[in-house]
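Chains as they are written, first to last, in my numbering: chain A, 183 to 337; chain B, 183 to 337; chain C, 183 to 337.
The set of hints was computed from the structure by calculation and includes no laboratory data. Honestly, I wouldn't trust all of these hints.
Repeated chains share a single entry, so a pair holds when one copy, or any two copies, can fit it.
With a straight-line cut-off of 25 Å between C-alpha atoms, the simulated SDA-like cross-links for lysine to any residue are [claimed, not checked]:
#1 Lys233 / Leu205
#2 Lys233 / His309
#3 Lys232 / Arg329
#4 Lys233 / Trp212
#5 Lys232 / Glu310
#6 Lys206 / Arg250
#7 Lys206 / Glu249
#8 Lys206 / Ala294
#9 Lys233 / Ala191
#10 Lys232 / Gln307
#11 Lys232 / Met332
#12 Lys233 / Ile324
#13 Lys232 / Ile324
#14 Lys233 / Phe315
#15 Lys206 / Gln258
#16 Lys233 / Thr305
#17 Lys233 / Val328
#18 Lys232 / Ile283
#19 Lys206 / Arg239
#20 Lys206 / Gln220
#21 Lys232 / Glu249
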Amino acid sequence: MENIDPHSALFATYAIAATLMILKAVGMSWLTVVRMMQANGGFRSPEDLKKTLLNPRPDPAQLSPNERVERIRRIQLNDLESLPYFLVAGFLYVLTAPPLILAQGLLYGYVASRLLHFAAYFTGQIHEVRAAFWSIGSLILIFMAVRVLMAALGY
Amino acid sequence: MENIDPHSALFATYAIAATLMILKAVGMSWLTVVRMMQANGGFRSPEDLKKTLLNPRPDPAQLSPNERVERIRRIQLNDLESLPYFLVAGFLYVLTAPPLILAQGLLYGYVASRLLHFAAYFTGQIHEVRAAFWSIGSLILIFMAVRVLMAALGY
Amino acid sequence: MENIDPHSALFATYAIAATLMILKAVGMSWLTVVRMMQANGGFRSPEDLKKTLLNPRPDPAQLSPNERVERIRRIQLNDLESLPYFLVAGFLYVLTAPPLILAQGLLYGYVASRLLHFAAYFTGQIHEVRAAFWSIGSLILIFMAVRVLMAALGY
């Protein structure tokens, strides 16, 4: 593995892919907030039923699951099962000094697969569509992790 | 972006913020354990109802959600939606060689926002208080990610 | 803390432990897929009840929780409460230039504890067994984080 060179095109590729994924993930949190405000519900904590400026007429039904909110939470959980591992695997992968074009294909391919997965999940496409995009991202992640493992083992 | 210099004050700032957040996150797991032992419940797996030294009188009610335990699990899930992304964004951010004072403000500001969010959630403050602290941390995370993205794109 | 030297045995130790854990985590996602296909259920989204090639006879019961699927999801969630933090703490820990033998003991010890935790959870062992393996991994994580924090503070 080569030393980290943050000025290199390889490292910039990683930094771009990583921050796009981080912004995407953080966006899910804000989207949850937006949908909770639209629905005036989908809350989770008992204290969210206290009367406040933002919740002038509390109603126990506000603690019931709201499908529009739960959908974003499911997308967010799906992100969590993959993105943190991608962020580390991608970093270690560029340290193995792969060809730039391959790294770009894998890292940007992962980003594209996750954005398409989001689009499919967000709009409620059939499971097969969602699963296809998810699988592409997962396979890229596995490929990078195996490559790093082999490099670290000296192969 | 500058090379990593683990001896620099900039990198030490990141390492301090990162490890404080990691210890905070791990603390949530242990707090869940403590509360499950106090409640003798809030378990999740069928096998947790087997009679053992630590659970001499199993009771199906032990698998019901326990609000004191669930509260910590919600805090932990909230951590998960932010901390792993912060750990990577903060690392990449210090690689962009920002002014030390700005990095300290952002990184320690994030840590403070998460500790205050914990305090508000733990003590059941109204949603507005919790949301305010959460928002500060989330905006810091977005700022750092955008800054890294711009640096990687050459701006 | 020393500079990153990806060619060092220390960094290779981290890269091996990190990628093994990433592959383990990604494996949980695929295991969830396998079990959902075996059970033809355990789905979560309303659109998963649409009639498709892979789901020719949709049934509302397919959206009910399936214990065999939920077990893997609980393991996956347990991974999430620890692995992302380990991946960052382990990285920062090897930057503090610890003795190789100690780093190997901690990093591979963590990997072993998580694989044994998986084996215990997967086969439904009593809580005490699962908890013992979980605790070992968590204590290793805490040790590494505290060590990095002290190094960053100059101790």
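Verification of the supplied hints:
no.	hint	verdict
1	Lys233 / Leu205	neither (33 Å within a copy, 34 Å between copies)
2	Lys233 / His309	between (40 Å within a copy, 10 Å between copies)
3	Lys232 / Arg329	neither (52 Å within a copy, 38 Å between copies)
4	Lys233 / Trp212	within (23 Å within a copy, 32 Å between copies)
5	Lys232 / Glu310	between (42 Å within a copy, 10 Å between copies)
6	Lys206 / Arg250	within (18 Å within a copy, 31 Å between copies)
7	Lys206 / Glu249	within (21 Å within a copy, 31 Å between copies)
8	Lys206 / Ala294	both (11 Å within a copy, 24 Å between copies)
9	Lys233 / Ala191	neither (53 Å within a copy, 46 Å between copies)
10	Lys232 / Gln307	between (37 Å within a copy, 9 Å between copies)
11	Lys232 / Met332	neither (55 Å within a copy, 42 Å between copies)
12	Lys233 / Ile324	neither (48 Å within a copy, 31 Å between copies)
13	Lys232 / Ile324	neither (46 Å within a copy, 30 Å between copies)
14	Lys233 / Phe315	between (43 Å within a copy, 19 Å between copies)
15	Lys206 / Gln258	both (10 Å within a copy, 20 Å between copies)
16	Lys233 / Thr305	between (34 Å within a copy, 17 Å between copies)
17	Lys233 / Val328	neither (53 Å within a copy, 36 Å between copies)
18	Lys232 / Ile283	neither (55 Å within a copy, 39 Å between copies)
19	Lys206 / Arg239	neither (33 Å within a copy, 35 Å between copies)
20	Lys206 / Gln220	within (21 Å within a copy, 32 Å between copies)
21	Lys232 / Glu249	both (23 Å within a copy, 17 Å between copies)
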